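**Student:** Residue numbers (the numbering used here), protein chains in the order written: chain A, 1 to 194; chain B, 195 to 388.
Think of the hints as simulated: they come from the structure by calculation, not from any bench. Bear in mind the structure is a predicted one, so any value in this text is a computation, not a measurement. Think of the CB as a built atom: it goes at the ideal place given N, C-alpha and C, for glycine as much as any other residue. You can take every hint at face value.
Not close to chain B: a few residues of chain A, all C-beta gaps over 12 Å, as computed:
id: 1; residue: Gln58
id: 2; residue: Thr61
id: 3; residue: Gln62
id: 4; residue: Asn63
id: 5; residue: Leu64
id: 6; residue: Asp106
id: 7; residue: Asn107
Selected chain B positions facing chain A (Cβ under 8 Å, derived; list incomplete):
id: 8; residue: Lys197
id: 9; residue: Lys203
id: 10; residue: Leu206
id: 11; residue: Asn234
id: 12; residue: Ser235
id: 13; residue: Ser241
id: 14; residue: Asp274
id: 15; residue: Gln318
id: 16; residue: Leu322
id: 17; residue: Gly323
id: 18; residue: Ile352
id: 19; residue: Ile355
id: 20; residue: Gln364
id: 21; residue: Tyr365
2 protein chains.
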Amino acid sequence: MSKVLMGAKPLLYPAPTVLVGTNVAGKPNFMAVAWCGIVNSEPAMISVAIRNHRYTHQGITQNLAFSVNIPSVEMVKETDYCGIISGQDVDKAAVCQFKVFYGKLDNAPLIEQCPVNLECKVTQMLNLGSHSLFVGRIEESHVSENCLTDGDPDIEKINPITFIVGSSRQYRALGEVVARAFSVGKEMETGAKH
Amino acid sequence: MSKVLMGAKPLLYPAPTVLVGTNVAGKPNFMAVAWCGIVNSEPAMISVAIRNHRYTHQGITQNLAFSVNIPSVEMVKETDYCGIISGQDVDKAAVCQFKVFYGKLDNAPLIEQCPVNLECKVTQMLNLGSHSLFVGRIEESHVSENCLTDGDPDIEKINPITFIVGSSRQYRALGEVVARAFSVGKEMETGAKH
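So here's chain A without its partners, still in its complex pose:
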């Protein structure tokens, strides 16, 4: 198998697709973000990378708080819109008819229509160049009651969107279950101990 060098490219497949919420100039604003990941388990923490010139960057810097809202496939048009348009120009929550609510934090606006909402307090900020990485401690998680099965979040009902970087720039749904994690690997031979 031969490899082709592509240069220094952010080729992580896939990325999640979330709506990052923050208050800017006293109003809730939401931005689509794919550069997002869990960064710690105990306590639960998440990071979002935001371009330094973005309106959301102002909001997070001012409030030291943000939300991560996970849209479902049905919300792909609104989600993409929130990645194209700046909150400086338009009240995106109004255009998208988001029902905004607040939980524990009074400065991390949440979107009712998104199946999952995480409220985060900023604990670290790193300016990495084009983007700043905001690391947030998750203070509370909200899941829509109709996306639970036996009290657990149900991925079929959440139906999240993934983002595929590159010239195809796709949003994709999740596909079939491939295996159970922390389980299928036990089938591997462990003969080659060193």
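We have chain A already, so just place chain B on it with the hints.
**Tutor:** Below, chain B alone, put in the same frame as chain A:
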């Protein structure tokens, strides 16, 4: 729609599934990681969160370098194995029959069978509690020639694995294309300017 409070939980759906490579005690070692994300565009940077007691943590701390290898669905058994077993006990690369190669960096081992390989130099480290977040500048990206179409990485051929956190702990493939990014949102009405 009513919401249910779940406490402070890392409910990001979905997470990617990658194999983080590093040299430990002079040998290549790989660990399955879902807490991973792109953190900067210019320059391209990626972060991986590694539990502080893990063998991989030692390797990255010693080398200040790591690789991110994206396995395809066909490699799910090997991938999961690399999340269950410690490199302290077993030569995982040997058990999994990974063909290991090196690119620009002589201390970031890459897996030939993975369609995408990113070589990274550590630029920041944050100890966040259970995990350390290693931020790496991507020095070079390698893509298997048979995963390209017209010179671009082809997501159908890469066929990556996602990780679903929670009690179901699933690996899932990608599903259908939902929309084109930075495009479908233009269909939204923009009447509600503020």
